[in-house]
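Listed in order, the protein sequences are those of chains A and B. Residue 49 in the numbering used here is what sits at position 49 of the first sequence, and the numbering runs on without skipping anything. Residue 46 in the numbering used here is what sits at position 46 of the second sequence, and the numbering runs on without skipping anything.
It should be emphasised that the hints constitute simulated quantities derived from the structure, not laboratory data. Hints may contain errors.
[Said to hold, decoys possible] Taking beta-carbon pairs under 8 angstroms as the criterion, some of the chain B residues facing chain A (in silico):
1) D97
2) L109
3) K149
[Said to hold, decoys possible] List time: in silico SDA-like cross-link candidates among lysine to any residue, alpha-carbon distance up to 25 angstroms:
4) K365/A <-> R113/B
5) K407/A <-> T430/A
6) K273/A <-> D180/B
7) K72/B <-> R322/A
8) K369/A <-> R118/B
9) K149/B <-> D180/B
10) K407/A <-> Q290/A
11) K137/B <-> E272/A
12) K200/B <-> R81/B
13) K199/B <-> D144/B
14) K35/A <-> K133/A
15) K365/A <-> K149/B
16) K279/A <-> E86/B
17) K365/A <-> L109/B
Note that beta-carbon positions come from the ideal geometry of N, C-alpha and C, so glycine has one too.
Now for the letters of each chain:
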Amino acid sequence: MTFNSLAFRLIVAAAVSCLIVLPIAGIVLNSLFYKQLERNFDVRLQVLLSNLIAESIDEQSPDPVRPRNIGAPEFMQPLSGWYWQIRPLEGAGNVLSSNSLTSEKLRVPSLHGVAPNKNGGFQNYAKGPVGEKLRVHERIVDFGDATTPRRFSYAVAGSSEEIDEEVTNFIYIVSAALTLLTLGLLAATFLQVRFGLNPLRKIERGLAEIRSGQATRLEGEFPDEITPLQTELNALIKSNQDIIDRSRTQVGNLAHALKTPLSVITNEANSEKTSFAAKMVEQAHLMRDQINHYLDRARMAARVGVIGGTTDVRPVADSLVRALGRIHEDRHIEIGLECAQDLKFQGERQDLEEMLGNLLDNACKWAEKRVDVVFEVSQKTSGRGLSSLIVTIDDDGPGLSDVERVKVVKRGQRLDESKPGSGLGLSIVTDLASLYNGVFELDRSPRGGLRARLELPLAP
Amino acid sequence: MRLLVVEDDPDLNRQLVAALDDAGYAVDTALDGEEGHFLGDTEPYDAVILDLGLPKMDGISVLEAWRRDAHKMPVLILTARDRWNEKVAGMDAGADDYVAKPFHMEELLARIRALVRRAAGHASSELECGPLRLDTKMARVTVDGVPIKLTSHEFRLLAYMMHHQGRVVSRTELVEHLYDQDFDRDSNTIEVFIGRLRKKIPPELIETVRGLGYCLSQDGAEAASK
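Next comes chain B alone, as it looks inside the complex (with noise of 0.2 angstroms):
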């Protein structure tokens, strides 16, 4: 899961990316509006914190601008100005969510996660994919039950393949979504994690679809490809 954080405070975009880091997202930051309009409109992240007062381009502007341009990722308001006008002028800019400042980062993130969740089409908190069980709240995935450990970068391949699980995702898709901006982008990574993957959880789960990507799903890629 890719995200964008817009706020130009540094020391709060800094805490914001460490704690986001922390829950197994990729982050991309921007300091100013303009940046974040940039990167929102060129990159796609599967969520957006965006700050409204913001130097060069307001946040409302920013967001207007994205829906103007049919970018429909889920977009959570941070802001310091917490009165019902302001947040039915964000809402109706084309937020998904408000979070007034000053807040707790946990609630912040469990909203993320719900906005990621609701974006991708899932109701729960949990996801599931056969003897396979993820726990967005706590990070945690277990294989009928018994916990398995993941590195990071596992943890976020296979996250993200559980959001869109049932759906051929190209390795574009992955490396855009799994990775900041600076990360040094070799496609050839991917194919590593999908087989260190393999050994922890059931391989039949993963199927490659040749030419295409590969498909999370209980019945494998046949299930996909009908």
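Extracted from the complex, chain A is given alone in its bound form (with noise of 0.2 angstroms):
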């Protein structure tokens, strides 16, 4: 997986949604879960505080008596962190505190400017005397009659810590959940990648195919989103296969319909012997050439890759040598063909009977009286455990030596102008053979002439 790929960017794009919606989701019922208890504390508060109020009055007293309990231990023992304090607001008078508070006092919420709620109280935080965060509530209570007030500030404080404490555990649990869930979003998200473009690879092992000439066109099935993207790439392969085809036709064409009046060009030329005559010939020549230079490329062209059908071996043969024997009909050339039935040959017929053709055909020119084809399944195997089809064509002629025979197969070359053919016979056999991966050399044959010997795929 590179950075520039469609499972890296779902998997970024899952990362950092991930990323951003659950540190704010965290953040979120944290803040949710502190108020909660802060509010479940505030309610403790105010019930402390009421007690506190509802201890304090006493009916022989005009003043707030020290009251004995309201219901919490932490009060008696010194700076527990749990505080209560009555201070009279006029005059002076004694400030009536916990036992916890030892000496210290209380720093109230109305001293320190902060407004009222609406029940006319007060809360905030501040600091206790040990340095401690505190939670304060405080109420003003007045004791006195219409004219005279005398008011009284009662507040009841607790550590705030144990908020903190909840709130602390509260987010080491959360963040651990959450970092689970991401670890657990990102696995699913890596997994639903993978699956999800698992059709994509598909795609691309059978483009590969039809590159390589396995195949020809998509074949599957494919989810719906894709089977679009199948069904026009198929006609697109397909166009283009018909344009390389109607290309390939259109040269052949062009290439056939040239050579009459290259016929035409050199009976004219030939009924004169001018030296313009003798120029035409010889360019007509070379036009005849090129003509079949590119005609069998694109012939050639026309094969890379598509290496598909098998052949019957046994009936080429027969129609070749039933085809030579009428064409040499003249020379009573014997041709002898030893070939079993059910020799199969991995190729196409036209490119099995063009190599064996033009074999046979140079045979027959070249034979005083046999001609011996013989094909036979090699006995060792060859590179991919597959045996090939051995071809070995043998005449009685003379033969070529050792360089002619290296000669002879290059293009155009004609050892002898006397016999007819373009010369073009061998080196067509060598191209397609190594078409086919196979092997095509010429030696002496045991007869005395040439010995031409193919080697070709065998089809099972």
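Work from the hints to combine the two standalone chains into their complex.
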């Protein structure tokens, strides 16, 4: 997976959204939880404050008295973090406070500019006597009559550290949960991407097969989103193939169409003995060779990669032997054919015909009396573990020297201009044989003439 | 020897006719497949040169139609399509030889000579009858090794009779095989040419078989009639 890939994009997108959404969710959860804890704590403090007020009222005394017990033992322990305090606001008077506060004073909110809430009370956070964080609730109670107010500030404070502890715990749990969730989501995304993009890999394999010639179209069931792509791709391949086929046919037609005018020019020029006519003949021959060359190339190009069918060897050999027997009837050449019925060539029929036709024709042209064609299956197996088809064509003609044998397979080489033929036959055989990863070689025949040997893929 | 050329390119057609005419053949031509098929179907030809890519009816179909109707004249296919699968298809359709364009006229003539000879059952390119020798390659006739001069009509007549020596050849057959279809056919001219030939070669070689025609043979008509 590279940086510029769909999988990478999808995974990064998922990761980024996880990293944005999940922390926000964490923060929101946290603050909701904190608010809830604070509200519960406030309710507790309100209850304590109401108790404090109720316990401090005595029928015998105009002023508040020291309450005995307001329900929480923490108020008795010094500096426990839980305090209460009753302080007169008008005139001098004793400040009453819980034992836990020792000689310290509470920093009440009304003295620190905190606005009263809708019930007339005050609440805020303040620092305690030992620097701890306190939640302080305060209420002003008036003990006087209508003309002389005698107000007292009642305050209860509790250590809010227990809220903080719980919130911290909560943060740990939530963070762990969210982290796990993030990892889970990322893993899920990864699997999802791999699974989701699987058809793309299938397309890739299909296209590779098309390019290597193993397939001609993109086959298989694809998801609905990909099916139009598959359809379009197949249509594109088809139209591409059609264009190639058309231009190839046109190359062929052009080449063939040119041959008749070339015949006319050659014949016309041959009938005159001027230097101009000689030049015409020479050039016409060049043109003929060029046409054949490009015609062969167009045919070869048509073959590249598309090595599909199999061909029964025997019928091809039979009809070639029959045709050549008739063409060379005059020369009374006997053609011996040795070929098992069930041999199959892994390739196109016309390619086999072309190779065998050219080799047999050459053999018949040069033979004295007899040409022998033998088809057999090689004993040793080739590299791919498949047997190959060996064709040996012997003639009893004059044969070729070592140098000539090398020369003759090159394009357009003709050793004897007196024998008819364009001299292109053997190079076509070489080209076709190599197209099939085969071997074509010339040797000395034990019967005196030339031996042509072809090694071609055998179909199972 | 009378040939049919079926070739749709007018220039090539003209050249073929000229070259074949020079070589001593009577030549009919057709420029499309239908006409070619009709001529081959109705006239007795000694050989046919057939292009494959023809308008109206392609060469292979023409050939197959002839062979279906038991016309056995030798057919040489002349075509630009020179792949072996095309050649084999042509031969399988009943052709006797195959020449690919562009071709050398000499090669084509040699192939035609060979086809005509083979069809008449002769193996060698030199035909012999007693002191008479016909070199088909050089279009030359000798009597006891001495070349004799013949007009083109005399040559055609003698060549046909040499190919079919030892057999009685009717006047009609001679007319049909010596002249192309546009020729004004008058069998009396055959008698005139036979008369002229007898003056140039040993006269006993050509026997008149009354009511049937003529026979060229070493031992005269008696040998043929036995």
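Quick rundown of the hints versus the structure:
no.: 1; hint: D97; verdict: holds, 6 angstroms
no.: 2; hint: L109; verdict: violated, 11 angstroms
no.: 3; hint: K149; verdict: violated, 24 angstroms
no.: 4; hint: K365/A <-> R113/B; verdict: holds, 18 angstroms
no.: 5; hint: K407/A <-> T430/A; verdict: holds, 12 angstroms
no.: 6; hint: K273/A <-> D180/B; verdict: violated, 30 angstroms
no.: 7; hint: K72/B <-> R322/A; verdict: holds, 17 angstroms
no.: 8; hint: K369/A <-> R118/B; verdict: holds, 18 angstroms
no.: 9; hint: K149/B <-> D180/B; verdict: holds, 23 angstroms
no.: 10; hint: K407/A <-> Q290/A; verdict: holds, 19 angstroms
no.: 11; hint: K137/B <-> E272/A; verdict: holds, 21 angstroms
no.: 12; hint: K200/B <-> R81/B; verdict: violated, 46 angstroms
no.: 13; hint: K199/B <-> D144/B; verdict: holds, 15 angstroms
no.: 14; hint: K35/A <-> K133/A; verdict: holds, 17 angstroms
no.: 15; hint: K365/A <-> K149/B; verdict: violated, 35 angstroms
no.: 16; hint: K279/A <-> E86/B; verdict: violated, 32 angstroms
no.: 17; hint: K365/A <-> L109/B; verdict: holds, 18 angstroms
Checked against the numbered hints given earlier, this structure breaks hints 2, 3, 6, 12, 15 and 16; the rest are met.
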